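K.L.:
The residues making up each chain are set out below.
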Amino acid sequence: MSIDAHPGLPEFDYIKPTTLKEASDFLIAHAGEARPLMGGTDIFVRMRSGGWNDKYLVDVKCLEGMNDISYDPHKGLSIGAAVNMNRVIASREVQDNYALLLQAASSVASYQLRTRATIVGNICNASPAGDTIGACILLGGVLHVHGNGGIRQEPIKTFFKGPGETLLRTGDIVTSIHFPVPEEGARGVYIKLGRNKASDLSIVGVTVFGYPDVNVPSGYRIRLALASVAPLPLVVDQVEAILTETSIDEDRLMLAAEAAMHACTPIDDVRASARYRKVMTRNLSFNALKVVWKDLKKL
Amino acid sequence: MVMEETNTKVPSPIGENKIRLDAREKVTGAALFADDIQFGSGLLHARVKRSPHPHARIISIDTSKAKALPGVKAVVTGEDYPGYIGLYLLDRHIFCRDKVRYVGDPVAGVAAKSEQIAEKALQLIEVEYEVLEPVLDPEAGVSPEAPLLHPNLEEYEVANFIFPEPGTNISNHFKIRKGDVESVWDECEALVERKYHIPHIQHVPIEPHVAIAKVDETGEVTLWGSSQSPFAQRNLIAKCLGISQSDMRVIAPYVGGGFGSKAGVSMEALAVVIASQVKGRPVKLLLTREEEFYTAFVRQGLVAYFKMGCDADGRLLAMENKFFWDAGAYTEYGVNITRASGYSSSGPYEVPNVKTDSYCVYTNHPVGGPMRGFGMPEMHAGLEQCIDELARDIDMDPVEFRRINCLKTGSVLVTGSKMHPIGLTQCLEKAADAIGWGSKAPPSAPNKKRGKGIALMWKAPAMPPNAGSSAWVELAEDGTLTVGVGGQDIGQGAFTVAAQMAAAALGVPYEWVRIATPVDTLYSPYEWQTVASRLTWSMGNAVVNAAKDARRQILDLVAEAWEEDPQNLDIVNGIVVSYKSEREMPLKDIAIYGLPKPDDQGWLGGPVRGRGNFMPSYITGLDPETGQGERAVVHYTTGAQAVELEVDLDTGRVEILRGVSAFDVGRAINPELVEAQMEGGFVQGMSSALFESMQLKDGVMQNPSFVDYRIATSTDVPLDLENIIVEVPQDDGPWGARGVGEHSMVPTIPAIANAIYDAVGIRMEGPPFTAEKIYLAMLDAGIVK
Numbered sequence: 001m002s003i004d005a006h007p008g009l010p011e012f013d014y015i016k017p018t019t020l021k022e023a024s025d026f027l028i029a030h031a032g033e034a035r036p037l038m039g040g041t042d043i044f045v046r047m048r049s050g051g052w053n054d055k056y057l058v059d060v061k062c063l064e065g066m067n068d069i070s071y072d073p074h075k076g077l078s079i080g081a082a083v084n085m086n087r088v089i090a091s092r093e094v095q096d097n098y099a100l101l102l103q104a105a106s107s108v109a110s111y112q113l114r115t116r117a118t119i120v121g122n123i124c125n126a127s128p129a130g131d132t133i134g135a136c137i138l139l140g141g142v143l144h145v146h147g148n149g150g151i152r153q154e155p156i157k158t159f160f161k162g163p164g165e166t167l168l169r170t171g172d173i174v175t176s177i178h179f180p181v182p183e184e185g186a187r188g189v190y191i192k193l194g195r196n197k198a199s200d201l202s203i204v205g206v207t208v209f210g211y212p213d214v215n216v217p218s219g220y221r222i223r224l225a226l227a228s229v230a231p232l233p234l235v236v237d238q239v240e241a242i243l244t245e246t247s248i249d250e251d252r253l254m255l256a257a258e259a260a261m262h263a264c265t266p267i268d269d270v271r272a273s274a275r276y277r278k279v280m281t282r283n284l285s286f287n288a289l290k291v292v293w294k295d296l297k298k299l
Numbered sequence: 001m002v003m004e005e006t007n008t009k010v011p012s013p014i015g016e017n018k019i020r021l022d023a024r025e026k027v028t029g030a031a032l033f034a035d036d037i038q039f040g041s042g043l044l045h046a047r048v049k050r051s052p053h054p055h056a057r058i059i060s061i062d063t064s065k066a067k068a069l070p071g072v073k074a075v076v077t078g079e080d081y082p083g084y085i086g087l088y089l090l091d092r093h094i095f096c097r098d099k100v101r102y103v104g105d106p107v108a109g110v111a112a113k114s115e116q117i118a119e120k121a122l123q124l125i126e127v128e129y130e131v132l133e134p135v136l137d138p139e140a141g142v143s144p145e146a147p148l149l150h151p152n153l154e155e156y157e158v159a160n161f162i163f164p165e166p167g168t169n170i171s172n173h174f175k176i177r178k179g180d181v182e183s184v185w186d187e188c189e190a191l192v193e194r195k196y197h198i199p200h201i202q203h204v205p206i207e208p209h210v211a212i213a214k215v216d217e218t219g220e221v222t223l224w225g226s227s228q229s230p231f232a233q234r235n236l237i238a239k240c241l242g243i244s245q246s247d248m249r250v251i252a253p254y255v256g257g258g259f260g261s262k263a264g265v266s267m268e269a270l271a272v273v274i275a276s277q278v279k280g281r282p283v284k285l286l287l288t289r290e291e292e293f294y295t296a297f298v299r300q301g302l303v304a305y306f307k308m309g310c311d312a313d314g315r316l317l318a319m320e321n322k323f324f325w326d327a328g329a330y331t332e333y334g335v336n337i338t339r340a341s342g343y344s345s346s347g348p349y350e351v352p353n354v355k356t357d358s359y360c361v362y363t364n365h366p367v368g369g370p371m372r373g374f375g376m377p378e379m380h381a382g383l384e385q386c387i388d389e390l391a392r393d394i395d396m397d398p399v400e401f402r403r404i405n406c407l408k409t410g411s412v413l414v415t416g417s418k419m420h421p422i423g424l425t426q427c428l429e430k431a432a433d434a435i436g437w438g439s440k441a442p443p444s445a446p447n448k449k450r451g452k453g454i455a456l457m458w459k460a461p462a463m464p465p466n467a468g469s470s471a472w473v474e475l476a477e478d479g480t481l482t483v484g485v486g487g488q489d490i491g492q493g494a495f496t497v498a499a500q501m502a503a504a505a506l507g508v509p510y511e512w513v514r515i516a517t518p519v520d521t522l523y524s525p526y527e528w529q530t531v532a533s534r535l536t537w538s539m540g541n542a543v544v545n546a547a548k549d550a551r552r553q554i555l556d557l558v559a560e561a562w563e564e565d566p567q568n569l570d571i572v573n574g575i576v577v578s579y580k581s582e583r584e585m586p587l588k589d590i591a592i593y594g595l596p597k598p599d600d601q602g603w604l605g606g607p608v609r610g611r612g613n614f615m616p617s618y619i620t621g622l623d624p625e626t627g628q629g630e631r632a633v634v635h636y637t638t639g640a641q642a643v644e645l646e647v648d649l650d651t652g653r654v655e656i657l658r659g660v661s662a663f664d665v666g667r668a669i670n671p672e673l674v675e676a677q678m679e680g681g682f683v684q685g686m687s688s689a690l691f692e693s694m695q696l697k698d699g700v701m702q703n704p705s706f707v708d709y710r711i712a713t714s715t716d717v718p719l720d721l722e723n724i725i726v727e728v729p730q731d732d733g734p735w736g737a738r739g740v741g742e743h744s745m746v747p748t749i750p751a752i753a754n755a756i757y758d759a760v761g762i763r764m765e766g767p768p769f770t771a772e773k774i775y776l777a778m779l780d781a782g783i784v785k
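Chains U and B, in that order, are what the protein sequence lines are. Those letters in the first sequence? Residues 1 to 299, per this note's numbering, in order. Those letters in the second sequence? Residues 1 to 785, per this note's numbering, in order.
Since the hints were made in silico from the structure, they are not lab data. Errors might be hidden in some of the hints.
Claimed, not checked - DSSO-like mimics (lysine-lysine), calculated; alpha carbons at most 27 angstroms apart, straight line:
no., chain 1, residue 1, chain 2, residue 2
1, U, K278, B, K449
2, B, K322, U, K278
3, B, K448, U, K197
4, U, K55, B, K113
5, U, K278, B, K785
6, B, K322, B, K239
7, U, K297, B, K448
8, U, K21, U, K61
9, B, K120, U, K55
The structure displayed is predicted, hence computed values, not measured ones.
For reference, chain U alone in the conformation it holds in the complex (with noise of 0.2 angstroms):
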């Protein structure tokens, strides 16, 4: 660990394309020494600290359709990529048919925090601990990315490589995310544990999200997705398995908890130790899943 602290940000250049071909022709041409500009809320910071060091900062904030947040009951939830947090947790669209991306947006940080901050900055970051990574997935989002060929769809469970990569590549620049309608009956729910209440990063977040499915025995389907305790963030399969194949009681959803602790593989660091983790995945997995079975199970 280095002890120099900087007073403020390294020397770059602020580049403001007009187009989205502009931009990522500006990408490709500073390949390795140029990235795309959102709510900075991550970039400012590793820049500050020496970790990022890039000469450009190409601000994509304002390009067409970027700040656009729309639904329709048909097609689903559309949301531009510098959308702020705060303004999808005010929508009316968000708040009546994706609560969970509401909850989990809401936890993220502080509420200064996330007038910058946006969901689709908080995937691309691809850190294991991303708070709304869990929602987004299990929601069945998928993004839109303009790149070098055109645009391009990406469904964000296979959309990390490992912590802080992607399949981004270089001129990438991510202009939405989508998400279907959801199920009928859909529940969800966020728990996230932090060491204290505010403006935590998560020790342990678990995401779960389900709805009536009669064509499986249970009648539920029930997915589970885990936030720092794997170096990607974790969907565990197990879980939907265990909760599909017969009635759901408190035994099962144990039994799905612990396959969720069973299948993280946290590590040791500043923030807790991976065995608190790991007992604290099975905890609030079996905490969360019990959530949501009740809500299901009052339909």
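Start from chain U and add chain B according to the hints.
P.N.:
Frame of chain U, contents of chain B only:
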């Protein structure tokens, strides 16, 4: 402001919740802090090259490349500054000369036209080190095999009440030998022996340290800074540089949080010596948050051993305590924490037999310094848990056990002297009553356990025996009052309280009083330091004396003019009145121009300026071998805290539901400010109990930012906080007042620890009681699966 004359008597402002003098300025953002002061384009920016090693010998420093960088105006190393600096023990150079002793120790400083250039220059300074074996544990540090951090300890200048042991890493060894502990262990019905480890924490003021220094051609120094101690800084820096104190001027605007970290001298001397190389140019040094963590004062770590025993009736018979203070690389200030914890080592209890060894140990950790409570929160953390355990061991209620043993008026203290009038029993009973001691409400959910805990405390101002205060008051043409003080308002409300006292002592409405700010050693009266919760009492006495002096001048003058006895005169609402002749005269007709003699025969009086000072004269030394003596301290403030909390069995997380504080403040000059201190101290204590710890690994702090150094936020604070003021007057305090700034943070850790035990039956070696620690302890104890 025009003062309206009124004949309705304004009540004395003492005991009134007067609005803070600084409230409007601070709320509107108009208040000026050190970093706000504008110095124009001539300002240079300083940055400091720091040691990456906890312990190393400096082989060479090459500054040539840095000096050659355009925009760099000066590069400074310790080479030209051989002097030592420190408050009680002069063990520190301004810049390191031969060795570095902690990660962050300053080795070179740069002044440049911009911060960016100064930063670049730092990278061009080449330092060659020979890495030395570090001392990273205070118990290991006292071993004869440990590497010596300060081989020339015996040459250091030291205060006569500090006892270093040359040839070791012990820079102070304070002893108590009262009675004979060995003879009574066998008589004890119950014995508790425990070890506690209290981690380093930090003050984390919202405003980091900042200093701007200017040295003019004749060598006169001006220093602007965020400071609790402008006069101590004047004295210590001048002494170190070999200049006259009168050639050193310190100007101290508002402080954005101090808590002890801005007492004494920490980084201010760096700015001064860098500025001395660029005469005439102001040089600013502003610490980053990370530098604040690495290099500003920290609260020392502590390894504490307690052994205590009581008889079957619950009477404490003996205590044997060993404290190993992890005091860091330099202990110039910390040596007195060792002493304070020693002479208070019985806690607020009367114990016939006490043996204490309190060791101040040099380690290659950050520099320990004063922090709110000055050793008392650390010491009480363990002591008050042992008291709880003893009570439970003999099946006695912990409140009853404390009631039996706690100090009362006339109790014999651990140092042999007698306790002054004290309201500790009242504090205990009121706190227990308010928390509903003895009843247990059901938990709010099946996965929670509920508990209550209580703890007592005592603390004396820790300072030299002759720490002094002074003040002046001056009347303006309209009869309003300006009060000069050298103490600082660091948020505690010292200026407001000084104004209330001046108004009451002179006889004018509170609204007529101004405090002469900023504190400026060139114009302000002397004050030792704004520390030790001593201002209301000590500076308060000086202010009262100054106001009385002015009052005497006024009354003597009017008495002469009216040919009356001053005994029959009074000042009420800013009007001099005679109870005999019933004559009246407003102060504005007297304050500056005096009074005419009859028949145009000349004049009496002149501009009124009162002066006052205060210095305790009755403190005696303690025997170095026994710690016994006539009177070790000026007074003790005592109190109690109680909490009710819940532990979440799924996560281990603690939620404080209610907190009660009850302190004997002698007399609350401004009750709301007293309550604010109690509440703020509770929250800071709670934060240190649940969240805070500097995670030091091989001497390097692993969490030097607010991302990973967690402090309580407003959402963590219980909504239900009750503050109870107990008033047993102090004989030499103004209106009986004594201080309460630090005390409210002292019993919080053990009160919470005792409540956690009450809830789930576990005790831990030390704070912070994080959710993780509690859960894993419950897991290991089989309380959860």
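K.L.:
None of the hints should be skipped; say for each whether it holds.
P.N.:
Now for the hints, and whether the structure bears them out:
Taking the CA atoms of K278 of chain U and K449 of chain B, the gap is near 23 angstroms; set against the 27 angstroms cutoff, the hint holds. A C-alpha spacing of about 38 angstroms is found between K322 of chain B and K278 of chain U, which places the hinted pair above 27 angstroms, so the restraint is violated. Taking the CA atoms of K448 of chain B and K197 of chain U, the gap is near 17 angstroms; set against the 27 angstroms cutoff, the hint holds. Pair hint K55 of chain U plus K113 of chain B holds up; C-alpha atoms about 23 angstroms apart against a cutoff of 27 angstroms.
Only pairs whose Cα atoms come within 27 angstroms are accepted, and K278 of chain U paired with K785 of chain B is accepted, the gap being roughly 13 angstroms. Between the alpha carbons of K322 of chain B and K239 of chain B the distance comes to roughly 35 angstroms, so the proposed pair goes past 27 angstroms and is violated. At roughly 25 angstroms between alpha-carbon atoms, K297 of chain U and K448 of chain B fall within 27 angstroms of each other, so this suggested pair holds. Between K21 of chain U and K61 of chain U, the direct Cα distance comes to roughly 14 angstroms. Compliance with the 27 angstroms bound is thereby established for this hinted pair.
Under the criterion of a C-alpha separation no larger than 27 angstroms, the hint pairing K120 of chain B with K55 of chain U is consistent with the structure, at around 17 angstroms.
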